[in-house]
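Chemist: One-letter residues, chain by chain:
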Amino acid sequence: MLKTEELQINIGPQHPSTHGVFRLMATVDGETVVHLEPVFGYLHRNHEQLGEIWTYLQTITITDRLDYFNSMINEHGYCMTVEKLASIEVPERAEYIRVIMSELSRILNHAAAIGFWLQDMGSWGTTLMFGFRQREMIMDIFESVGGSRMMCNYMRFGGVARDLTPNLVEQINLFLEGFPQFIDDFERLMMENEILLARSRNVGVLPKELAAAYSVTGPVIRGSGIPYDIRRAEPYSIYDRFAFDIPVGSVGDVYDRFLVRMEEMRQSHRILRQAMEQLPQASGSYINQAYKAASKQQGLRLPAGEAYCRVESPKGELGYYIVSNGGNSAYRYGIRAPSLINLTALNDMCRGYTVADIVVILGSIDIVMGEVDR
Amino acid sequence: MRAMWEFFFGVGWLATLTSYLTITTAILVAGSLVMMLLTWIERRGLGYMQDRKGPNRVGPFGLFQPIAEAIKTITKEDITPTDADRWVHFLAPVVILASTVAAFAVIPWGNLIPVDINVGVLYIVAVSAVHTVGILMAGWASNNKFALLGGMRGVAQAISYEIPQVLSLVSIVMLVGSMSVVDVIQNQMDPYGNILSWHIFTPVGLLSFIVFWIASLAEGERPPFDNPEAESELVAGYMTEYGGMKFAVLFLANYLTNFAICAVTAGVFLGGGNGPGSDIPILGTLLSVFYFLAKSLGLFFVMVWIRGVVPRLRIDELMHFAWKFLLPLALVNIFSTSLWIAIIRWGAEQGMGIAEALGAPGSIARIAVAWVVTAIINVVAFFLVARLNATRGVTTYQATPTAV
Amino acid sequence: MEIAFFIITALLTIGAAVAMVLSHNAVHSALWLVLNFFGVAVLYLLLNAPFLAMVQITVYAGAIMVLFLFVIMLLGSEQGQEEVNGLPWQTPVALVMGLLLVVMAGYALFFPGTPVPTTQTPNEIGAPDILARKLFSTYLLPFEITSVLLLVALIGAVVLTMKSREGDRV
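Chains as they are written, first to last, in the working numbering: chain A, 1 to 374; chain B, 1 to 404; chain C, 1 to 170.
Derived from the structure by calculation, the hints contain no laboratory data.
Be aware that one or more of the hints could be misleading.
Unchecked claim - Each pair of labels, with its calculated beta carbon distance range:
| no. | chain 1 | residue 1 | chain 2 | residue 2 | range |
| --- | --- | --- | --- | --- | --- |
| 1 | C | TYR139 | B | TYR48 | 50 to 60 angstroms |
| 2 | B | ALA390 | A | ASP184 | 24 to 34 angstroms |
| 3 | B | VAL302 | A | ARG133 | 17 to 27 angstroms |
| 4 | B | TYR48 | A | SER87 | 51 to 61 angstroms |
Positions of the beta carbon are idealized from the N, C-alpha and C atoms, including for glycine.
Model the full assembly from the supplied sequences, consistent with the hints where possible.
Modeler: Written as structure tokens, this is what we have:
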């Protein structure tokens, strides 16, 4: 029995697989991880402080930069919070457009996240490129509605900035048409790959109780077997109108999270199908016209008070908290970022596994540093 | 003294030197050209597998891309990290490249044979073993934890996979009865002169090929065994602290190793330059070079293909695979090779009088019996080992949709 | 040409050996030793023993020295510490042995005996099949003893590195 010594290695902040500027202080015994401490803050941009200085309308643009993969969902949450505080009605068509964009964004995020995860596992980009092809199609749609591929800045208080044109509806339908084929291919490429199974099964296990104790959300908690989804737990917007399932895993390992993401893409596709069918045809109702006209006259001043709203971002529960004192910008503004809170469970997930597994486990949490550091 | 003087300035000495220098130059130039072609194949091939174009701007089909990159790397600044061991850091790429290029001395390009030594197969193994010293030098001298870790992994992997690799070659050497690469290739032309006499088309040769090819992928640090330079874990492994021309040399060595693997596999298992018409005097030589390149590049394409599809193994799984899967198979294969030889070649003299009932040594009946026996042993062994290695006790996974 | 080649290689080999002893850095020493093994391999080649030469490179330069380097780097002991000589009796013994070696070498050099007549041509001696026949007939006992020795070392290594069953996670 040989005595071994513990060694500390720094993974990052300059490292290809830390998903941004992020540092992992790993204490290892040989190749086995004894302790892991995530160190972040390298990308801090004063988001919450800026939100207290900029006007409400201006702040929408910087919510795009939180989780830069899902600008649509970030805007959705922020707009909902402001609407709740100001009691602004949202027309039905606008709600449908918001849901469509959110679900497209979820597909975009999961396709890319699985691709990145496999990239971390070392599959040299094939899966990533497959995912990116779908992401590209969705970003074309986003560009058409918002004018920008990633920082869409599309949602407004009381609706969305522009209406869906018939052409765009056609484009979305075309995308939905081809999507099942993609996900079948994607699954066939990876689901039964022996190496993938060997590297992801029983790796990074997060037990049910621990997951709840860390208050992780999104695919991470669902992978651990808790069917917690804001769209079900506290239906917002018009999510109560759609039939969809919430996938849960059984073991809580990396492979379960991967399966959950795959299934969630299918469910998003299901929601999108329903939403496209039900989409009300009344054009012009994409935004609350009365509010729009009023806000053109005098800008937006929220009544004093506070509001908290949460949405199911692909990474988990994204919450916005705004306190207003009646001015034209928030008095206090706070965000519950899912990436940050999911990251806190990393130490418990990695302990006892090898250094090579850290990267895979980190990839399975699917973090975006823009959201972690804010 | 006088004799020595004559030795140094005799004409015969000069002629020998010149001829060997010519061969060396040819190997080096051909090697570099092939390396350029390989990087192009790899990037374009991967590009098409991944739904993108790959480099297609420099020259026709992007063929001159490697030249552009060579110019870029040459003009880059040469950096040695602070506190690095300057000399070892500098020498590591040299050692790695030298050991790689040395292997080409015995690899026949079709009918063109640079050097034929009677221990050619062993020579290839020996020089590729030196490669690991270079990796360790590079990893240690860089004064970087990631580089050191990459170097360690590279060496552990290379040493482990060397064993199944060599043992799988042992069966071929037993079949041929010689370690000369030329003899190995000659053996595949006999006795019937058809394509089926390639080693890969015998049960023994097939299993040997499988083991050798997988072990070689690990030796050449190709995905899924690219742990020493695992990008997502170790940045670039032992190459992390190398830039400019030193990196280019490492890169060159890497691709040359890959080509050497393909060339050796083509020679040992796929008949080298053998093919229809390769025995015609002059045209045949050209044809044989063509066949050789086609086989080698085809094998390289398989490498690219594998890279495009599979993720990387973890280092412990990788070790288990070498020791628990490849090694038993290689050993079983040596056993069935000896059976093959006994049934085909031996008579009463060697205690195999029973085989003579089937006919003269090398007769069809004997070959058929040997075929069936070795095929059964190898197939059973393969599935047995695969079954023993399969992950057990794993619950069936399914992300169950629950309507809440 | 062979003589010139021999002289160059021999000088290189001896130089590497001396450098190995004199080098302060353990890793450098190991690398010099690799060079030394190479030189010896080339000398084997000059003696028409290509098989031995290749085995020398594969086993010594390729495997054993790499493991040496591995251990040195893992233990991080490349910078040799100034230690108290723990084996005081070693120096005189080493001196005597060294002297003995020099005397023997000198004797061999200055009083060359009549060469032993060989039935085989040099080309055949180094051939793998001849070597194998010798190894498995004349020298079978030493061969088997060596294998048992290696087996013991192997088992010892496994026992040393095995983790205790009840304690840590394997």
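Chemist: Indicate whether the distance between the beta carbons of ALA390(B) and ASP184(A) respects the range 24 to 34 angstroms.
Modeler: 26 angstroms, holds
Chemist: Is 51 to 61 angstroms a correct range for the gap between the Cβ atoms of TYR48(B) and SER87(A)?
Modeler: 56 angstroms, holds
Chemist: Do the beta carbons of TYR139(C) and TYR48(B) sit within 50 to 60 angstroms of each other?
Modeler: 58 angstroms, holds
Chemist: Kindly confirm whether 17 to 27 angstroms is satisfied by the beta carbon distance between VAL302(B) and ARG133(A).
Modeler: With Cβ atoms ~25 angstroms apart, the hint holds.
In terms of the numbered hints stated before, the structure departs from none.
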